[in-house]
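Visitor: Chains as they are written, first to last, in this note's numbering: chain Z, 1 to 89; chain Y, 1 to 365.
One or more hints might be untrue.
[As the list claims (entries may be wrong)] Just a few of them, taken from the derived set where beta-carbon distance is under 7 Å, the chain Z residues facing chain Y:
#1 T15
#2 Y36
#3 F52
#4 I54
#5 E55
#6 S61
#7 A62
#8 M68
#9 L75
Hints were generated in silico from the structure; no laboratory data involved. Think of the CB as a built atom: it goes at the ideal place given N, C-alpha and C, for glycine as much as any other residue.
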Amino acid sequence: MCLAIPGKVVDKFETDGVQMGKIDFDGITKTICLAYVPDIRIGEYALIHVGFAIERLDEKSALETLEMFRELGVLEEELGAVQESPLAV
Amino acid sequence: MKYVHEFRDPELANNILSEIRAVATRPWAIMEVCGGQTHSIIRHGIDQLLPESIELIHGPGCPVCVTPLDMIDKALAIAAMPNVIFCSFGDMLRVPGSEKDLFRIKSEGGDIRTVYSPLDALKIARENPEKEVVFFGIGFETTAPANAMAVFQAKQQNLKNFSMLVSHVLVPPAIQAIMESPTNRVQAFLAAGHVCSVMGYTQYPPLVEKYKVPIVVTGFEPLDVLEGIRRVVVQLENGRYEIDNAYKRVVNFDGNIPAQTMLAEVFQTTDSAWRGIGIIPQSGWRLSEKYRDFNAETKFEVTGINTVESPLCRSGEVLQGMIKPHECECFGKNCTPRKPLGATMVSSEGACAAYYNYGRFTASA
Numbered sequence: 001m002c003l004a005i006p007g008k009v010v011d012k013f014e015t016d017g018v019q020m021g022k023i024d025f026d027g028i029t030k031t032i033c034l035a036y037v038p039d040i041r042i043g044e045y046a047l048i049h050v051g052f053a054i055e056r057l058d059e060k061s062a063l064e065t066l067e068m069f070r071e072l073g074v075l076e077e078e079l080g081a082v083q084e085s086p087l088a089v
Numbered sequence: 001m002k003y004v005h006e007f008r009d010p011e012l013a014n015n016i017l018s019e020i021r022a023v024a025t026r027p028w029a030i031m032e033v034c035g036g037q038t039h040s041i042i043r044h045g046i047d048q049l050l051p052e053s054i055e056l057i058h059g060p061g062c063p064v065c066v067t068p069l070d071m072i073d074k075a076l077a078i079a080a081m082p083n084v085i086f087c088s089f090g091d092m093l094r095v096p097g098s099e100k101d102l103f104r105i106k107s108e109g110g111d112i113r114t115v116y117s118p119l120d121a122l123k124i125a126r127e128n129p130e131k132e133v134v135f136f137g138i139g140f141e142t143t144a145p146a147n148a149m150a151v152f153q154a155k156q157q158n159l160k161n162f163s164m165l166v167s168h169v170l171v172p173p174a175i176q177a178i179m180e181s182p183t184n185r186v187q188a189f190l191a192a193g194h195v196c197s198v199m200g201y202t203q204y205p206p207l208v209e210k211y212k213v214p215i216v217v218t219g220f221e222p223l224d225v226l227e228g229i230r231r232v233v234v235q236l237e238n239g240r241y242e243i244d245n246a247y248k249r250v251v252n253f254d255g256n257i258p259a260q261t262m263l264a265e266v267f268q269t270t271d272s273a274w275r276g277i278g279i280i281p282q283s284g285w286r287l288s289e290k291y292r293d294f295n296a297e298t299k300f301e302v303t304g305i306n307t308v309e310s311p312l313c314r315s316g317e318v319l320q321g322m323i324k325p326h327e328c329e330c331f332g333k334n335c336t337p338r339k340p341l342g343a344t345m346v347s348s349e350g351a352c353a354a355y356y357n358y359g360r361f362t363a364s365a
């Protein structure tokens with residue numbers, strides 16, 4: 001559960017006054033809280049942990065990490081469980 | 001046994017390993033604090049690629065493993081109550097309490113839901129105003145900002161039916177406790193990269209000075225771990241002790257200030273029990289006075305908890321680096337990830353589960 005996965009910001013919006021966004025993880029899109037990286041822009045990458053962006057990441061590092069997670073099957077492990085959840089947004 | 005060619009950049013991995021071999025002349029014991037690093041080390045056989053004189057001691061940085069037994073028992077008691085929807089990260093469902101685990105409570109009719117984010121639990125609370133929704137807020141500093149935000153929003157939205165069972169633990173006090181232990185063998189630390197992405201590493205220079213111990217902020221990927229090890233070995237061999245950052249692409253000295261501001265708003269530090277280790281002063285967070293209405297522990301007045309740890313389980317010794325998982329008599333026999341005696345066999349970040357999943361049944365496997 002301590003895993004943080006890189007994802008790309010594809011949309012930004014506010015919900016109840018909180019900065020939220022759509023994040024694309026290698027084809028899987030999820031709604032994520034961006035309140036802790038308020039200046040992040042669409043097209044930039046961040047590390048995502050339990051539904052929150054915790055830090056920015058440059059594109060090269062993000063793509064390399066995603067590639068490694070994909071090879072290890074970690075993406076399905078982390079995000080697959082999310083998709084099964086009825087709560088996935 | 002894994003091989004270097006499985007690394008993302010085998011040439012770089014080989015170069016780092018060659019440097020470590022060239023510089024290492026004496027035995028050193030290095031602790032990787034974070035369970036994610038332990039997982040990476042065992043999965044990629046990093047410990048077996050290193051010179052024999054370098055020992056990696058697996059630290060207590062698996063939140064699932066160190067959540068104290070009385071908290072698990074409280075979670076079980078609350079989850080079994082009628083009218084409660086109990087929400088948790090999936091890893092916690094198989095953690096053994098004194099008598100049962102959350103899966104068992106679920107099979108007995110408890111409404112237990114696995115969520116990806118604490119904000120999912122908040123959503124469930126909004127959608128079920130007639131129910132009490134409780135979130136099991138565990139984790140290290142990495143996870144705490146998410147849980148803090150859920151409580152902050154619950155207060156802002158005046159959600160009366162949401163509360164959190166909080167069991168947050170902190171890395172720097174644990175490092176201090178390890179260094180103060182009379183049985184300590186650790187000579188250097190790989191600090192947990194994602195914890196530092198939130199908190200920065202402002203808290204480490206005093207520890208480095210006081211205990212004359214190198215601390216290197218380290219990431220989780222195999223190459224990150226190798227580089228962290230290389231940097232501590234260089235320091236150790238040269239008699240230096242410094243704070244260093246081998247995870248600069250994610251971590252800066254000050255950390256994530258908006259997240260720290262939210263943590264200071266919602267939590268305050270407290271003495272905290274660590275499963276298998278005991279109480280460490282000022283090593284946890286609890287809800288501050290302003291947010292006490294959201295404290296599930298007081299809301300549900302769970303009393304009469306009488307914790308009983310498995311007499312066979314040696315996870316405390318594993319968590320403190322005193323034994324390796326396969327040295328426990330129960331390992332792989334009456335304790336497996338499907339039927340765990342202790343929490344270290346549950347989470348994929350637990351040392352016992354990592355050893356089991358990657359076939360480390362003997363010292364030489």
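Visitor: With a cut-off of 7 Å, does the beta carbon of I54 (chain Z) approach a beta carbon of chain Y closely enough for the hint to hold?
Guide: holds, 6 Å
Visitor: Regarding the hint that L75 (chain Z) lies at the interface with chain Y, is the smallest CB-CB distance below 7 Å?
Guide: violated, 14 Å
Visitor: Measuring from the C-beta of Y36 (chain Z) to each C-beta in chain Y, is the shortest one below 7 Å?
Guide: holds, 4 Å
Visitor: Restraint: A62 (chain Z) near chain Y, CB-CB cut 7 Å. Satisfied or not?
Guide: violated, 9 Å
Visitor: Next item in the hint list is T15 (chain Z). Is there a CB on chain Y closer than 7 Å to its CB?
Guide: violated, 10 Å
Visitor: Does E55 (chain Z) hold up as a contact with chain Y if the rule is Cβ-Cβ below 7 Å?
Guide: holds, 4 Å
Visitor: Would you check whether S61 (chain Z) satisfies its interface hint, that is, whether its CB is within less than 7 Å of any CB in chain Y?
Guide: holds, 5 Å
Visitor: Does F52 (chain Z) meet its interface restraint, that is, does its C-beta lie within less than 7 Å of any C-beta in chain Y?
Guide: holds, 5 Å
Visitor: A closest beta-carbon separation below 7 Å is what the hint needs, so does M68 (chain Z) meet it against chain Y?
Guide: holds, 6 Å
Of the hints listed earlier, those the structure fails to meet are numbers 1, 7, 9, in rising order.
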